[in-house]
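Protein chains in written order, with the numbering used here: chain P, 1 to 356; chain C, 1001 to 1128; chain X, 2001 to 2337.
Hint data in this document are derived by calculation from the structure and do not stem from the laboratory. Bear in mind the structure is a predicted one, so any value in this text is a computation, not a measurement. You may find that some hints are simply not true.
In silico DMTMM-like cross-links for lysine to aspartate or glutamate, where the CA-CA straight-line distance does not exceed 25 Å [said to hold, decoys possible]:
1. K2253/X with E1071/C
2. K2250/X with D1018/C
3. K94/P with E112/P
4. K1092/C with E2209/X
5. K2253/X with E253/P
6. K130/P with E112/P
7. K2250/X with E109/P
8. K3/P with D2236/X
9. K2253/X with E279/P
10. K286/P with D2236/X
11. K2164/X with D2108/X
12. K2172/X with D2108/X
13. K2164/X with E109/P
14. K2235/X with D2124/X
15. K2250/X with E1071/C
16. K2242/X with E1032/C
17. K185/P with E109/P
18. K1105/C with E1069/C
19. K3/P with E2281/X
20. K151/P with E206/P
21. K185/P with E217/P
22. K325/P with E168/P
23. K2235/X with E7/P
24. K1004/C with E277/P
25. K2186/X with D2162/X
26. K1060/C with D2124/X
27. K1092/C with D2210/X
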Amino acid sequence: MKKEGKEQIWRDYQKEIPDNDYFYVRSCIRQNFFPGSEKMFMKILVDDLGKNIYETEHHTTCGGIGYHSDVIPLETAMTIIARQFALMTEAGYKNYAASCITSFGLYSEVLETWHNFPEVLAKVRDNLKKSTGREFELPQHLAHASDIIYKVRQEIADKAKYKLINKETGKPLKVVEHIGCHYSKMFPHKGVGGAEYPYVLSGMVEAWGGEVIDYPERRHCCGFGFRQYLVQANRGYSLANTHKKFESMEPFEPDMIITNCPGCPYFLDRWQYVIAETEGKTYGGKNQGIPVFTYEEVASLVLGYNPWDICLQVHQVAVEPLLDKIGIKYDAGKKYEGLNGKDIGKPEMPGCIKCC
Amino acid sequence: MSSKFGYTKLDSGTVNLDNANFDVAKKVAQQERSFTYCIACGSCTATCSAGNFTEYNLRKIQLMVRRGEVEPLRETITRCMLCGKCQMVCPKGVSTRNVVLQISKLLKQPVAKEQLTDKLHPTDDRKI
Amino acid sequence: MKSVVIVGAGIAGIEAAAKLTKSGVKVFLVEKEKEIGGHLRQWDRLFPTQENAQKVLEDIIDGLDNRAEVLKNVTVQHVEKKGDKFEITLTNNRSLTTDAVLMATGFDTFNARRKEEYGYGIYDNVITSTELEEMFKTERVLCTNGKAPERVAFVHCVGSRDAKVGNRYCSKVCCVTAVKQASEVKQLYPEAEVYNFYMDLRMFDRKFEDMYHEAQTSCGVQFVRGRLSEAAETKDGRLQIKAEDTLLGKPLKLTVDMLVLMTGMEPCSSGVALAKKLKIEQGSDRFFNGQNAYNLRNFTSTQGLFLAGTCTGPKTIPETLADARAAAAEVLSYLTK
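Chain P on its own, in the form it takes in the complex (with noise of 0.2 Å):
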């Protein structure tokens, strides 16, 4: 593999990406899957590196979850995405900022219908002005929440107190990044690095001291599909998408995943679960599986953040034993305690997972 190819190619995709004053939107089911990513992207943002991100309690979902699971035309979606950018508009933003992948992906879609068909935009425009009685800008950047933390790795790196790097071995980590299918597939040139060789997360691994595995089923999708998870029946389609990538990474031995959209480290997390149940294979060794985790989460993680503050403890996957790789502490047997303190209960351990 020549390192100096996909440089070239990362030079050919580079996009714009503001160092501050964001309008932020979170994802619908973020957190629920990943509770703690939202809050830490926030944080860090805003206490750690001292930017400017807001956020309002009035904003709603993009639609894009319906839109995908055949729920509302792209009408409808279009009209709540007005709405979004009204909110920003009315808080005097002008980079917009989306924590969802499938958001983000929707958002550029919607804005390169509205730039090629006007007269849909100004329909949409009198929708919303009928609607809610609110008028918008189109926002002058859209980035996706982990262009963000690509654009301030560096920052998040001199402050680190942890690097992803075997600390037994001395080595770096051997990470497997995994990019959410609408992040630039659909608009190569909207996303850091392009489509077939995306640098968004690739580049804070490696500023963070760790090594990316490129596996054959790198651009396969991790199996989430919207309607194809939704109905129970059609999960075992799912379910061999996930597989095919575990089966195509294990030779590598990757030490975690790094995910950059709200299904796939859910997907990639806990269909690890199932296929041990079903087939019986694990793929992290010792019967273990491999640790999935959002930006967010490496990110807090390098930073020296308690692995429980930022909810590692819902992952289904144990993350223990990349904690002791990299040397990060923790207190065992805090993991099920909430942040004041109060059990939040612990889960029934699975029987062919090792989970700690």
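Let chain P serve as the given structure and place chains C and X on it in line with the hints.
Frame of chain P, contents of chains C and X only:
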């Protein structure tokens, strides 16, 4: 495997040439060299007596053999009536009847005696 | 003595120069590279009869018999038609005044990096058809680890018939080149498995269909109708590739040791820049349009400005040479009218 979740992992429909069995293809080519002439024009299938009434598709069968996808052919191959129309239309001069016979011979499973009478075409034993 | 500048000393430029000088025309043959001969210099053997490419090139160059003034390592900086004459300034500051200009600017090979999904320039054992030809020349067709490949795949239409890269046209020579090269790999390594991934096999010329037949029968090359969707490197430096076997109606994947990309032709970029100065009309494929696509292909709308070779579209070697001779004949009749 357990299906306590209400679903199980789907099997891949991908032809994986890394695990493919090319033995049948190699043997057929040895026995009938014209097997390698096929350019997949489909004339054989267009004219095929069996192909007009069943799923039998000689163009595809030959391709499946080349790709090592032989398991599904064990039953299918027996549907050929050996009429020879395919041989008449083949522009490359493939000896299609012999190709079918060779594939049948190689795929013929040991069949119990009582089952033999149920077989529509005990292909290998037919007199041509 | 009438004079003509020929831009480009590939086989079209050389052949036209040979014919024109033989008829007593003064020819300035301008070449941007340090050697004349164009793309043919990189080739080992030629379809359809495995002729030695360098021998063929030598014969073509011998036809010149040193009669033309060959200017290497220079390009045309400025060109202007004043009256019946063309005034030309070269990058070495030399000025020429000639009666005619013959564009023989040829093609650039498609930059395979632009098909990002195939990983050229990233994955070690992804090479272009030109690079394979250079390997044939040195008789060392090896993977980067120094081992002989046990499995090789050829991908047709890389940069051709592909609106995604802006090239909707067929490059014409890649299909038969892939058949030739696949057969040569099998001749070199009879035990190797060789796969050709094609969309249509365009065996249009004399002996081509025979080459395809031989490739499939004697050589045992496997042909898969389907375009590669992607390539990815495995842990041991091999390549996992995916395509649909469209005749089987199923997705297919396999791991190979070497992946050869049949890069197509694009009009030469410096030739296009010059053509724009000369107001030569280009088609939607960016190749140059003659006055028509039939009997006037070598003529432009400017009197005294002619076209030859692959600047008017992908061509085989015999087609290029025939086109060059036709252009030379038209230039000559223009100069002697």
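Going back to the hint list, which numbers does this structure go against?
7, 16, 19, 25, 26
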